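Number of protein chains: 2
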Amino acid sequence: MADQKHVVIVGAGFGGVRLAKELAKENVRITLVDRHNYHLFQPLLYQVSTAVLSAGEIAYPTREFFKNYKNVEFFLGKATGVDQERRVLMTNHGEIAYDYLVLAAGATTNFFGNESVARNSYAMKTLQEAMTLRSHIIHEFERASKKTSPSLTEERRRHLNFVIVGGGATGIEMAGALMELIQIFKKEFHSINFDEVHVTLLEAMGSVLPMVPPDLQQYTIDVLRKKGVDVRLNTAVTEYDGNDLKLNNGEVVPTKTVIWAAGVRAQDFIKDCGSKVDRAGRIIVEENLLVPGSDCVFAIGDCANFQHGGLERPLPTVAPVATQEAMQVKENIMALIAGKTPDQLGKFVYKDLGAMATIGKGEAVMNGPMPLLGFTMKAKGFFAWFAWMFVHLIRLAGKYSDFTVSVKWIWNFFFGTRVSRIILSKME
Amino acid sequence: MADQKHVVIVGAGFGGVRLAKELAKENVRITLVDRHNYHLFQPLLYQVSTAVLSAGEIAYPTREFFKNYKNVEFFLGKATGVDQERRVLMTNHGEIAYDYLVLAAGATTNFFGNESVARNSYAMKTLQEAMTLRSHIIHEFERASKKTSPSLTEERRRHLNFVIVGGGATGIEMAGALMELIQIFKKEFHSINFDEVHVTLLEAMGSVLPMVPPDLQQYTIDVLRKKGVDVRLNTAVTEYDGNDLKLNNGEVVPTKTVIWAAGVRAQDFIKDCGSKVDRAGRIIVEENLLVPGSDCVFAIGDCANFQHGGLERPLPTVAPVATQEAMQVKENIMALIAGKTPDQLGKFVYKDLGAMATIGKGEAVMNGPMPLLGFTMKAKGFFAWFAWMFVHLIRLAGKYSDFTVSVKWIWNFFFGTRVSRIILSKME
Chain P
1 MADQKHVVIV GAGFGGVRLA KELAKENVRI TLVDRHNYHL FQPLLYQVST
51 AVLSAGEIAY PTREFFKNYK NVEFFLGKAT GVDQERRVLM TNHGEIAYDY
101 LVLAAGATTN FFGNESVARN SYAMKTLQEA MTLRSHIIHE FERASKKTSP
151 SLTEERRRHL NFVIVGGGAT GIEMAGALME LIQIFKKEFH SINFDEVHVT
201 LLEAMGSVLP MVPPDLQQYT IDVLRKKGVD VRLNTAVTEY DGNDLKLNNG
251 EVVPTKTVIW AAGVRAQDFI KDCGSKVDRA GRIIVEENLL VPGSDCVFAI
301 GDCANFQHGG LERPLPTVAP VATQEAMQVK ENIMALIAGK TPDQLGKFVY
351 KDLGAMATIG KGEAVMNGPM PLLGFTMKAK GFFAWFAWMF VHLIRLAGKY
401 SDFTVSVKWI WNFFFGTRVS RIILSKME
Chain Y
1 MADQKHVVIV GAGFGGVRLA KELAKENVRI TLVDRHNYHL FQPLLYQVST
51 AVLSAGEIAY PTREFFKNYK NVEFFLGKAT GVDQERRVLM TNHGEIAYDY
101 LVLAAGATTN FFGNESVARN SYAMKTLQEA MTLRSHIIHE FERASKKTSP
151 SLTEERRRHL NFVIVGGGAT GIEMAGALME LIQIFKKEFH SINFDEVHVT
201 LLEAMGSVLP MVPPDLQQYT IDVLRKKGVD VRLNTAVTEY DGNDLKLNNG
251 EVVPTKTVIW AAGVRAQDFI KDCGSKVDRA GRIIVEENLL VPGSDCVFAI
301 GDCANFQHGG LERPLPTVAP VATQEAMQVK ENIMALIAGK TPDQLGKFVY
351 KDLGAMATIG KGEAVMNGPM PLLGFTMKAK GFFAWFAWMF VHLIRLAGKY
401 SDFTVSVKWI WNFFFGTRVS RIILSKME
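Chains as they are written, first to last, in the numbering used here: chain P, 1 to 428; chain Y, 1 to 428.
Bear in mind the hints are in silico, worked out from the structure with no lab data behind them. Remember, it's a predicted structure, so these values are computed and weren't measured experimentally. A portion of the hints provided could be inaccurate.
No distinction is drawn between identical chains; accordingly, a pair holds when it is met within one copy or between any pair of copies.
Unchecked claim - In silico SDA-like pairs for lysine to any residue, Cα to Cα no more than 20 Å straight-line:
| hint | residue 1 | residue 2 |
| --- | --- | --- |
| 1 | Lys226 | Ile184 |
| 2 | Lys21 | Arg225 |
| 3 | Lys67 | His139 |
| 4 | Lys227 | Leu152 |
| 5 | Lys67 | Met179 |
| 6 | Lys5 | Thr341 |
| 7 | Lys125 | Asn243 |
| 8 | Lys380 | Gly263 |
With these hints in hand, go ahead and build the complete structure from the sequences.
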């Protein structure tokens, strides 16, 4: 239909897919652009890194969501910038003209300009990165198993030292899951002395998990330490050459594995979209989620900086923010199409869903209002873990229209052994 | 124990793993060498290529099999040769001395010396190859979906032309599974005209599936043609530059995808093991599976050429041959340790388990004695498919000691949608 408006959405993450699904029901034409052909359930990426889940279990073919919507076209490509004047999105496969554009491009790893760390450590933001990390961790045990001679002790220990940088949810969850993977390896690597295996979690601030209260922070640290993780607070990384990690206290940790979970920033091209960005490269959006000065370009999710309505700091880079913003943008786009002006659009208000993080199987912390559970609470231990499971299962299973896949996934989550422990990297 | 004999096994395929499992119960020390850290259920590799199964579902961590056997050590490494005089196996991680050596190194793709084909076509013998092929097939549809303009018709058709070379079980199964994948794509690629999608199966001989009788061969061809596969017999490939496939009848097929399933040969290092090899690089073994002239080196499975007891041709490169040979070698090694001489060893006799191949879901052919089913038969259609399923499920589920994994796998096989349709290759 010639009079259909064309909405272009960049990014098939939580925000982009939700928005496309909502708009698909309307009389508009939608092009969803992503550099991958799958939607990724990012909160569980650490489970791919630690061989709990396989890649296919948290990555869903994006086209599958829209098979019944002929007005949605998926475009596999990498956005490279926006020309707001000509109203075109630039990609590595040419330009795409839009009537309305929504930037929902997510985030990438922030190494805060430390090039030696960026070059030599393992990031955890993409599926490929998670799989590379998984292969690497398993490979380190294989390498150590061959270096049994006492003369190789230093080299062997370097293989068996694992350092995680960042005490946010990702770092905490990674540390817990890694300790569990090591328990499985204990049974299988007969020639390794597991007293030599060492997992360290470094946090530059005075505590972990900034989004939960101090008692839950301390609880998290206690649980990790009981599991054998060497948690070090107020400790930052200064340099890493792939062999020796230098800390700000002068210490040097010999290790082949530095896992970087210390920060995120927007994708590079966001700064080339013609709008002002913050220090993390995110677009500072208006209250109606429009990009300042535009009447047709919106930004949502991890690539947007939203701080209105008395917020002390910008909204966090979590899925509920992206999906709620998507709903608001859908309303606002339909309002613009109906003839409203930008100043007449609805303002976004975030409904806080609370924060939660697992610390391995059976242990978690949660805090804040829990609309999905129906009450406000603070919890820890097994109950919190169970609630975490529940929320994540509901969300993930909901992605899969096919019932059998949901069941399979739930089954796997509860009972699954780690069958994904395969090294896919090239042989050395 | 100092008096334990050291058995080194090269290859953790069907033969190698079976042998290691059997020997693990004896008073010997075993080192199992493989260049991958997983055992691969190769007969279902084509299901990874066509996104039915994910990699982790047919690849099992080898160490897991032996976690309760401290006398089995796994060694991740690539065998490079054997010095029979010094009794050492050479690997890319140093030498391993043996008392007994068993070569069970499997097979690799045979391009019969055609370098242009080897360089530009897709092989299907390793997990990595299967995943690369899967990503490529999906990517070709993504590429075609962007080239909708009439001026790009030639280019678009090249993306949508898929050629499979080889009418053996692998080629047939790949063709059937690919047609099913295309049915799924029909719903998702709204901008592709599926009349332009074309799957061709080339076979140099006068029929497909040489191991079944002529009526089943014809049935297989009929079923494939009904599914839309362009089956061409007596047609061989002469050259392929990655864009145009040249056939021996002078025809040129424009295609970006040539899947090579036309032959196998032994790994290269087998010829450097100090024994005579056949044209496919396989060691011509004695009746007791010893390598000629040796009293401690055996060869089994796809890297061995066994032709004794009145066989018209060497035993086929299938799993039952490898596992049965493994059982014989286990007996023979224990006999040698007990003081017997090579001429006193048991001779191998193959119990034919028949042949079967699927032609997509619900269609298969089978022929020969079926000890597992208890009778001799020839069958086709749904019944044959069901029998194929049964046999493969029993075998695969049997690999997994963990019950939940077996159930999950069976569930997936019967009901699974294709969730593994993700492109993992680098963006172009």
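Now for the hints, and whether the structure bears them out:
1. Lys226 to Ile184: within (18 Å within a copy, 49 Å between copies)
2. Lys21 to Arg225: neither (43 Å within a copy, 38 Å between copies)
3. Lys67 to His139: For Lys67 and His139, only the inter-copy Cα distance (18 Å) is at most 20 Å; the intra-copy one is 40 Å.
4. Lys227 to Leu152: neither (27 Å within a copy, 59 Å between copies)
5. Lys67 to Met179: between (41 Å within a copy, 18 Å between copies)
6. Lys5 to Thr341: Only inside one copy: Lys5 and Thr341 sit 16 Å apart there, 85 Å across copies, limit 20 Å.
7. Lys125 to Asn243: neither (23 Å within a copy, 35 Å between copies)
8. Lys380 to Gly263: Intra 25 Å, inter 59 Å, cutoff 20 Å: neither.
Consistency with the previously given hints fails for numbers 2, 4, 7, 8, ordered from lowest to highest.
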